[in-house]
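Engineer: Residue strings, one per chain:
4 protein chains.
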Amino acid sequence: MSKLTEAANGVYVISVTPFDETGAIDWDSLDRVTDRYLEAGADGLTILGMMGEAPKMTADEAAEIVARVIARAGGVPVVVGVSAPGLAALKGLGLKAMDTGAAGVMVAPPGSLRTDAQIRGYYAMVCEALGRDVPVVLQDFPLVTGVQISDEALGAIIDDCPSVVMLKHEDWPGLAKISRLRAAEAGGRRHISVLCGNGGSFLPEEMARGADGAMTGFAYPEMMVEVVRAMNAGETARAHDVFDAYLPLIRYETQPGLGLAVRKHALWRRGWIASPALRKPGAGLDRETAAEVDRLIDRQARRLEEIG
Amino acid sequence: MSKLTEAANGVYVISVTPFDETGAIDWDSLDRVTDRYLEAGADGLTILGMMGEAPKMTADEAAEIVARVIARAGGVPVVVGVSAPGLAALKGLGLKAMDTGAAGVMVAPPGSLRTDAQIRGYYAMVCEALGRDVPVVLQDFPLVTGVQISDEALGAIIDDCPSVVMLKHEDWPGLAKISRLRAAEAGGRRHISVLCGNGGSFLPEEMARGADGAMTGFAYPEMMVEVVRAMNAGETARAHDVFDAYLPLIRYETQPGLGLAVRKHALWRRGWIASPALRKPGAGLDRETAAEVDRLIDRQARRLEEIG
Amino acid sequence: MSKLTEAANGVYVISVTPFDETGAIDWDSLDRVTDRYLEAGADGLTILGMMGEAPKMTADEAAEIVARVIARAGGVPVVVGVSAPGLAALKGLGLKAMDTGAAGVMVAPPGSLRTDAQIRGYYAMVCEALGRDVPVVLQDFPLVTGVQISDEALGAIIDDCPSVVMLKHEDWPGLAKISRLRAAEAGGRRHISVLCGNGGSFLPEEMARGADGAMTGFAYPEMMVEVVRAMNAGETARAHDVFDAYLPLIRYETQPGLGLAVRKHALWRRGWIASPALRKPGAGLDRETAAEVDRLIDRQARRLEEIG
Amino acid sequence: MSKLTEAANGVYVISVTPFDETGAIDWDSLDRVTDRYLEAGADGLTILGMMGEAPKMTADEAAEIVARVIARAGGVPVVVGVSAPGLAALKGLGLKAMDTGAAGVMVAPPGSLRTDAQIRGYYAMVCEALGRDVPVVLQDFPLVTGVQISDEALGAIIDDCPSVVMLKHEDWPGLAKISRLRAAEAGGRRHISVLCGNGGSFLPEEMARGADGAMTGFAYPEMMVEVVRAMNAGETARAHDVFDAYLPLIRYETQPGLGLAVRKHALWRRGWIASPALRKPGAGLDRETAAEVDRLIDRQARRLEEIG
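Chains as they are written, first to last, in full-length UniProt numbering: chain A, 1 to 308; chain B, 1 to 308; chain C, 1 to 308; chain D, 1 to 308.
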């Protein structure tokens, strides 16, 4: 499988990890949801991210998921989340993933980092440990990590680490950060790919600011595919029409903590996974919340029909 | 002016504090925006909240704003944000506000509180300091305060403090919290008013869960007024139609930090305030962001026409 | 090996994990430092704690360390730190450790927990996952975890979870917490063992408050052994004399982040480990700091001679 | 009164604010404690710091304390803490303090700052608001503020802001930071004064690293005076002997939150203030803790006699 480069673009779906009601990995559903993501138009997949419940896996499970999805994806690039409290585990999973055929690895900063120099130093160490041949996606998600990566720190990392080829952008607010990064590139900084997360909740604006696509796991990846396509084609109004039709559910799915249960509920309702179960300590939706999500899905379907 | 009670409901608009380009308070704009809020159908106003840039005011300015808005509001209830690091300042502003005719005061927990007992103890102390006659609105906004108020802590406060008559609800996710509070009331707990914040971003669902209305400052308060009215009238589809039309801008305005500049830009574009300026350290919108907001406002207007 | 019970007491040394300069585990040094801890009078050992650089190990390394130390310790109880972001890894290592002959496991709360109910729920889940036969040490270390465990939450956990037999106490300030826990036990709550951490920096006072001993890794474990012995024998003045002689170094070793490098430097100077190296991202002492530590050790030796 | 400069050195005592049992300011005790600090050898005073319970004062009380202490100090330099959530209050109190004769103002960063650029921008704004003629002390206290100021950010502030003449150093661990700052000055950076806080718990080492003295409020300021004198005189052993004698109490007084009550208890036992009361929400010592402090004070007196 080819490796991730700075030219990567389009929609990389953050894959869920399906479980059965006992908490065991549901391998059939993992195959099916992989297929569905690709049928929906995904250009790549990202597994073992936060929303893939990565920290709940044992090391053996993680390795098995990597192998299973890469085999199933049939050559479509697969990025593997390898964030870990320690460098040994990060490097261990990262190199194993690359050996298995991953296109690259994704690394979020540990919550203890504070200053620009600490953040820069961390990524230098990570990239050195992984080696120059392992493409790295920098996940910038302050709401969850607690780490605020400044323009200066991000720029320094890009300068320091040639293997950082992509930013998974989910700073919030974060639109101006994309503009400033692209302006720095116009001024000579090395170009990297920017794929945006946060459930897609600012996708049209992010594309207008210079993002290359989306890397997120909203339960209707066809939204990301169509918005990215339309924005690239200059069909701004169309992009917003599609986006707005999905926005009520996007908003609902973006709720921290609860969001993954919403996403799995929707994927289960679509028949993409056999159970909406999360592995503990995660919990599923209560009856009232599930009904709320169902009503949003129904409204969404009607609105999509209206806009055609 | 009559005081706030547990029966309060409807829309309390979180008022901005208008400044001119030098950072001085623009009193004419304060009068005008007060008028516009009331014309839009507000049932009450809340001043000197976080989005009213309260911490940036001197003590004298705060007192003057309280007097000005209460006089202008002509009997409509005005809630005054009095959160402060120390009890002396909180009590000082609170009692002065009540003397001036405020309907009640709003208090967010200081960020140092962690355990249920600490949070409960803090509100007991605040209510004792203010005295039994000062109605208190508990602002529950973990994203900003960093303080997570559990159901148990909230219940204990309601039990302990008869003067806590309202919850300004902006926990996120927070829908189930409303349901659990209402369930506890069905089981015998004292009923309090629940008005919801977060820029209105979950207003239809919050009303369905048992909220009594909204207390937030979205730049188009007519959205809150119509959604609350429609939900109370059982016109759920209408409520969602209106809400969905505004949602792209609501989403944009809910960005932490940036949101107030977006709100002031929209209010300025509407002619409700003479300048979109924030007082330092706040900053206004850059050109690209302002254009983005303008496009959202234009789309919003078209969509509102479509739904009638 | 016998399992940990509520009656555990004395000194459990938090063991370092020795590395060579390349970052590889130095198994000979691990054997030697294990021996030295026991010769110094340790009643037990705790491995793979935060100061054992646990998060930097791979799963295989962790398992190997467990086996090695338990075998070497020859029947002395060994507690194994198993804190992990996810329950699967925690349970996996915990059960493997118990199978290998561990006396119990130690679990710190994940940093995302905030409310009493969340903390209580977390430990209920952990204890259920491990099963009733696995003794659990609750590590209460807010400075590092960010989780403040109130008296109420701690009491609820003790009530809920019979397998929680020990508190590793390192709240700061935390003396009154010991007194309140012992008062609650006098009022009928189940008694648990309390061993104190924080590098021993309040050990005489903790013993006077009702602690059962120390669980910490200060580089001179004979200090803990003698202070605990003296306090138990009613020799308060002696306990303080010994403690005070070590206090300048205790203070220096308690510096967050830096402390482990200080500890390893002292153990290396003593010949207990062959290298003071930390595994990355940890770093050793710079020359100036090392000299400072050396001077403190020299003063400490002289003061110990004076007090006899 | 003359203004603070980069050449400031010696001991600036962080003054308590004495209250009576009702929470009212005890002006007589404020006069007396001011006198005692100066008799103990203080080179300056710092009022309205965190340990002066500044956030609990009303604006009027703060102004009155400033005037009272400056008048009483009779020309000894007085630094005034003016940290506030908003710039208007900070500037208001700062300029008023300078008009009253303060030597300078002290500003800690608000907890919302994260990146180097944000911290640098904040101090640039503060210094611009205060004007070039107001000497500023930068308080670097991450344990309480949550803001980690890197060497780079600190250096940039020194370069940007000529009015920043002093660092109140209480980063922890922080010794190497002093060394790095002095090394940068050797390399050409503007020299500023460094006075150290943290209750004096690393004072001998800080002096050896290049600090100019102490700015902290330990209840026995004669400790700081003698340690600073001895270190400046090259009497290192004497400095450590004195320091070690006080260290058990220093350690006890450095407990976060509890520490101020310990300090006020000791000052009250010395007869320097008429009541150990803190203003709410602070609380005094319980009986057991008070007895513990008393025993430490007694041991300290005996040890001081031994060393002469």
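Note that these hints are calculated values from the structure, not bench results. Treat the hints with care, since some could be wrong.
In this list, chains with the same sequence are indistinguishable; a pair is considered to hold if it fits within one copy or across any two.
Cross-link-like lysine-lysine pairs, in silico, DSSO-like; alpha carbons within 30 angstroms at most [stated by the list, open to error]:
| id | residue 1 | residue 2 |
| --- | --- | --- |
| 1 | K177 | K96 |
| 2 | K96 | K280 |
| 3 | K3 | K96 |
This structure is a prediction, so every number in the text was calculated from the model and none was measured.
Engineer: State whether the alpha carbon distance between K3 and K96 is at most 30 angstroms within one copy, between copies, both, or neither.
Structural biologist: Only inside one copy: K3 and K96 sit 15 angstroms apart there, 37 angstroms across copies, limit 30 angstroms.
Engineer: Is it within a copy, between copies, both, or neither that the alpha carbon of K96 lies no farther than 30 angstroms from that of K280?
Structural biologist: both (26 angstroms within a copy, 20 angstroms between copies)
Engineer: My question is about K177 and K96: at a cut-off of 30 angstroms on alpha-carbon distance, are they close within one copy, between copies, both, or neither?
Structural biologist: Neither, since 33 angstroms and 39 angstroms both go past 30 angstroms.
Of the hints listed earlier, the one the structure fails to meet is number 1.
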